[in-house]
Amino acid sequence: MSTLDAPVVETRRLNRVYRSGFGVKLVPALIDLDLEIESGEVFGFLGPNGAGKTSLIKILMGLSRPTSGEVTVFGRPPRDAATKSRVGFLPESPYFYEYLTAREFLRLAARLTNVPDGEAGDRAQSLLRLVGMEDAADLQMRGYSRGMLQRIGIAQALIADPEFIVLDEPMGGLDPVGRKEFRDIIYNLRERGKTVFFSTHILSDVEMICDRVGIIIAGRLVNVGRLSEILTREVESYEVAVDGVTGKYRKAFERVGRQVIRSGETLLVTVRNEEEVDRVMAIAREAGARIQSLVPRRRTLEDHFMQYVQKQDEGVS
Amino acid sequence: MIGRIRAIALNTFREAIRDKVLLTLIVFAVLVMASAKVIQPLALGEEQKVVQDLGLAALTLFCVLIAVLVGGRLVYKEVEKRTIYIVLAKPVRRWEFIVGKYFGLMTVLAASVAVMGAAFYAILLLTGVPLSAYPLIAMVMTVFQLAILTAVAILFSTFVTPIASAVFTFAVYLVGHLTRDLRLLAAMSPSPVIKALSQFLYYVLPNLSNFNVRGEVVHGVALDPGALVLSALYALVYAATLLLVAVAAFSRRDF
Numbered sequence: 001m002s003t004l005d006a007p008v009v010e011t012r013r014l015n016r017v018y019r020s021g022f023g024v025k026l027v028p029a030l031i032d033l034d035l036e037i038e039s040g041e042v043f044g045f046l047g048p049n050g051a052g053k054t055s056l057i058k059i060l061m062g063l064s065r066p067t068s069g070e071v072t073v074f075g076r077p078p079r080d081a082a083t084k085s086r087v088g089f090l091p092e093s094p095y096f097y098e099y100l101t102a103r104e105f106l107r108l109a110a111r112l113t114n115v116p117d118g119e120a121g122d123r124a125q126s127l128l129r130l131v132g133m134e135d136a137a138d139l140q141m142r143g144y145s146r147g148m149l150q151r152i153g154i155a156q157a158l159i160a161d162p163e164f165i166v167l168d169e170p171m172g173g174l175d176p177v178g179r180k181e182f183r184d185i186i187y188n189l190r191e192r193g194k195t196v197f198f199s200t201h202i203l204s205d206v207e208m209i210c211d212r213v214g215i216i217i218a219g220r221l222v223n224v225g226r227l228s229e230i231l232t233r234e235v236e237s238y239e240v241a242v243d244g245v246t247g248k249y250r251k252a253f254e255r256v257g258r259q260v261i262r263s264g265e266t267l268l269v270t271v272r273n274e275e276e277v278d279r280v281m282a283i284a285r286e287a288g289a290r291i292q293s294l295v296p297r298r299r300t301l302e303d304h305f306m307q308y309v310q311k312q313d314e315g316v317s
Numbered sequence: 318m319i320g321r322i323r324a325i326a327l328n329t330f331r332e333a334i335r336d337k338v339l340l341t342l343i344v345f346a347v348l349v350m351a352s353a354k355v356i357q358p359l360a361l362g363e364e365q366k367v368v369q370d371l372g373l374a375a376l377t378l379f380c381v382l383i384a385v386l387v388g389g390r391l392v393y394k395e396v397e398k399r400t401i402y403i404v405l406a407k408p409v410r411r412w413e414f415i416v417g418k419y420f421g422l423m424t425v426l427a428a429s430v431a432v433m434g435a436a437f438y439a440i441l442l443l444t445g446v447p448l449s450a451y452p453l454i455a456m457v458m459t460v461f462q463l464a465i466l467t468a469v470a471i472l473f474s475t476f477v478t479p480i481a482s483a484v485f486t487f488a489v490y491l492v493g494h495l496t497r498d499l500r501l502l503a504a505m506s507p508s509p510v511i512k513a514l515s516q517f518l519y520y521v522l523p524n525l526s527n528f529n530v531r532g533e534v535v536h537g538v539a540l541d542p543g544a545l546v547l548s549a550l551y552a553l554v555y556a557a558t559l560l561l562v563a564v565a566a567f568s569r570r571d572f
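Residue numbers (our numbering), protein chains in the order written: chain A, 1 to 317; chain B, 318 to 572.
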């Protein structure tokens, strides 16, 4: 395959195993992972802490090697300098050279990514503006807050105007305003045709900005697809809140509902379809109870996510 | 390539000069040199030699301490603080990183020798010792000795903690000045194990006593230029070999 039409990232049966306990115990971090990321998409890599997100990212960045399987970035090995010059990377909770000022650090990043010296100053300045760090640009980074480091981290990842940007938990340490600005940066990158891959365990980030999502649980990629494919738009269930139910009628609700939860004076009855809603209504009328609310529930990414996590937990126990 | 190595070297240099350890060691070195003024009256006619000997010894010892203490954490710290992720995810080859670090620290050491050397001459001036260019040779040989020790420190720094690295590097420095005794031990010991071990250490450890020309300089004994050039070449080859080993170890590492 030529490198021109190759996917930005391609992995085949990728495995990464760590040794622990004096090298005796083998801990799999990635299991038979097959993944393709196409040019120009924003890909959200979702998983709970310890699921293997950072392990994959380190392999994509050439920082560590897979135990087995294949991985290419732009059709080439990730450790190739030519590959890396097309990639920008923000590690998780970044920690930079604290004795440097942000401006000095960005100039260093520019030199390491072969940006000509003449351009480095302008690029650093425009990125400082982009991430809102112009005022603190000439202070040593030892005094920076986590959010400020995160902003500088994003700036250094973009210094060489890379085609592919990999961000490990980029929203960590950002306040709501920072998150909004960060989303705008990603929108802007997508408009400019860049490919973005970012990991997170915060679902709302993914729902707002990703074209495609991959869900990783305990080292396995359990689902990959367009958000519209993963999230069905149809109603999955209805939640009926009923007030003033006496003991006798509660049994009747339990027979109809998939799930019945008591919360103070209110009974929350979850049912699957409209027919069952009608039956709940009928029982309520008969019981002289009052319907407080009727909420149709659609499946959210969170439901999906929780479903996989639960499955995994059941598998373990 | 050169641009990236220079950027890493410059960053290493900046880190060292913005760190209190370097400044503290240089100040101490100058204080020790200046203490010659105090002990001068005890020198019984050997004042000039004592001032020069003490000054050059302090210069070497404190530069060795800088190489050991700063060099020992050079690579380790980047891994521990995860700044290495940023650097190695960029189009920087692993050997460029090690070589950049090496030249950065060598620049720091050369600058330290220059500062301490200036202080040395200032103290000669203050104590009324006639100035000559001869001590410069001792300083240049110290730089070559540091070229080896820095490579040792970086090699250790790629896989052990800073404290362990500092201890090991300092041990190499001490034993490196005793390698001739190792050879003697190999020749004289009846035990085949000790014989083999001292022989092995004699060939593996750097012979650092070649770089100590302080005695000759202080006493005005003529130095053999051929031997000096040979020692300098030896330092370059030895340091390059150690860096190759460090690069090989570092390239295999996963982070």
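Everything labelled a hint here was simulated from the structure, so no lab data went into it.
Take the hints with a grain of salt, since some may be wrong.
As a list, the in silico SDA-like pairs of lysine to any residue whose alpha-carbon atoms are at most 20 angstroms apart [claimed, not checked]: (1) B/K394 <-> A/Q140; (2) B/K398 <-> A/P48; (3) B/K398 <-> A/Q140; (4) B/K394 <-> A/Y95; (5) B/K366 <-> B/L448; (6) B/K337 <-> A/M141; (7) B/K398 <-> A/K25; (8) B/K337 <-> A/E92; (9) B/K394 <-> A/M141; (10) B/K398 <-> A/E92; (11) A/K25 <-> B/L448; (12) B/K398 <-> A/M141; (13) B/K398 <-> A/D117; (14) B/K394 <-> A/Y99; (15) B/K398 <-> A/S145; (16) B/K394 <-> A/K25; (17) B/K337 <-> A/L139; (18) B/K394 <-> A/S93.
Selected chain A positions facing chain B (in silico; Cβ < 10 angstroms) [claimed, not checked]: (19) L63; (20) Y95; (21) L108; (22) H304; (23) M306.
Now the stretches of chain B that chain A is said to cover, found in silico as 3 or more residues with beta-carbon under 8 angstroms [unchecked claim]: (24) 318-328; (25) 390-400; (26) 497-511.
Just so it is clear, CB atoms sit at the ideal spot from N, CA and C, and this is done for glycine as well.
Going through the hints against the structure:
A hinted pair counts as satisfied when its Cα atoms are at most 20 angstroms apart, and B/K394 with A/Q140 qualifies at roughly 18 angstroms. For the suggested pair B/K398 and A/P48, the alpha carbons sit about 24 angstroms apart, so the restraint of at most 20 angstroms is broken. Of the pairs offered as hints, the one joining B/K398 and A/Q140 holds, with about 17 angstroms between alpha carbons and a cut-off of 20 angstroms not exceeded. As the CA atoms of B/K394 and A/Y95 are separated by approximately 12 angstroms, the hinted pair is consistent with the 20 angstroms bound.
The suggested pairing of B/K366 with B/L448 holds, with an alpha-carbon distance near 12 angstroms, which does not exceed 20 angstroms. Distance hint between B/K337 and A/M141 is fulfilled; the C-alpha atoms sit about 17 angstroms from each other, no more than 20 angstroms. The hinted pair formed by B/K398 and A/K25 fails the criterion: a straight-line CA distance of about 26 angstroms is larger than 20 angstroms. Distance check on the hinted pair: B/K337 and A/E92 sit about 29 angstroms apart at the alpha-carbon level, beyond 20 angstroms; violated.
Distance check on the hinted pair: B/K394 and A/M141 sit about 17 angstroms apart at the alpha-carbon level, within 20 angstroms; holds. As the CA atoms of B/K398 and A/E92 are separated by approximately 12 angstroms, the hinted pair is consistent with the 20 angstroms bound. Between A/K25 and B/L448 the CA atoms are separated by roughly 67 angstroms; this puts the pair beyond 20 angstroms, and the hint is violated. Between the alpha carbons of B/K398 and A/M141 the distance comes to roughly 14 angstroms, so the proposed pair stays at or under 20 angstroms and holds.
Restraint check for B/K398 and A/D117: not satisfied, since their Cα atoms lie roughly 27 angstroms apart, outside the 20 angstroms limit. Of the pairs offered as hints, the one joining B/K394 and A/Y99 holds, with about 13 angstroms between alpha carbons and a cut-off of 20 angstroms not exceeded. For the suggested pair B/K398 and A/S145, the alpha carbons sit about 16 angstroms apart, so the restraint of at most 20 angstroms is met. For the suggested pair B/K394 and A/K25, the alpha carbons sit about 28 angstroms apart, so the restraint of at most 20 angstroms is broken.
For the hint linking B/K337 to A/L139, the alpha-carbon distance of about 18 angstroms falls within 20 angstroms, and the restraint holds. In summary, the hint linking B/K394 to A/S93 is supported, as the alpha carbons are separated by about 16 angstroms, within the 20 angstroms threshold. Taking 10 angstroms as the C-beta cut-off, the interface hint given for A/L63 holds, the closest approach to chain B being about 4 angstroms. Proximity of A/Y95 to chain B holds as hinted, the smallest CB-CB distance being about 5 angstroms (cut-off 10 angstroms).
For A/L108, the shortest C-beta to C-beta distance to chain B is roughly 6 angstroms, which falls under 10 angstroms, so the interface hint holds. Annotation: interface hint on A/H304 violated; nearest CB of chain B at approximately 31 angstroms, more than 10 angstroms. About 31 angstroms separates the beta-carbon of A/M306 from the nearest beta-carbon of chain B, more than 10 angstroms, and the hint is not met. For the region 318-328 of chain B, the stated coverage by chain A is satisfied: 7 residues place a CB nearer than 8 angstroms to a CB of that chain, which reaches the threshold of 3.
Note: the region 390-400 of chain B has 3 residues with beta-carbon separation from chain A under 8 angstroms; the three-residue rule is met and the coverage holds. Only residues whose beta carbon comes within less than 8 angstroms of a beta carbon in chain A count, and the region 497-511 of chain B has 0; fewer than three means the coverage is violated.
When the structure is compared with the earlier hints, violations turn up for hints 2, 7, 8, 11, 13, 16, 22, 23, 26 and for no others.
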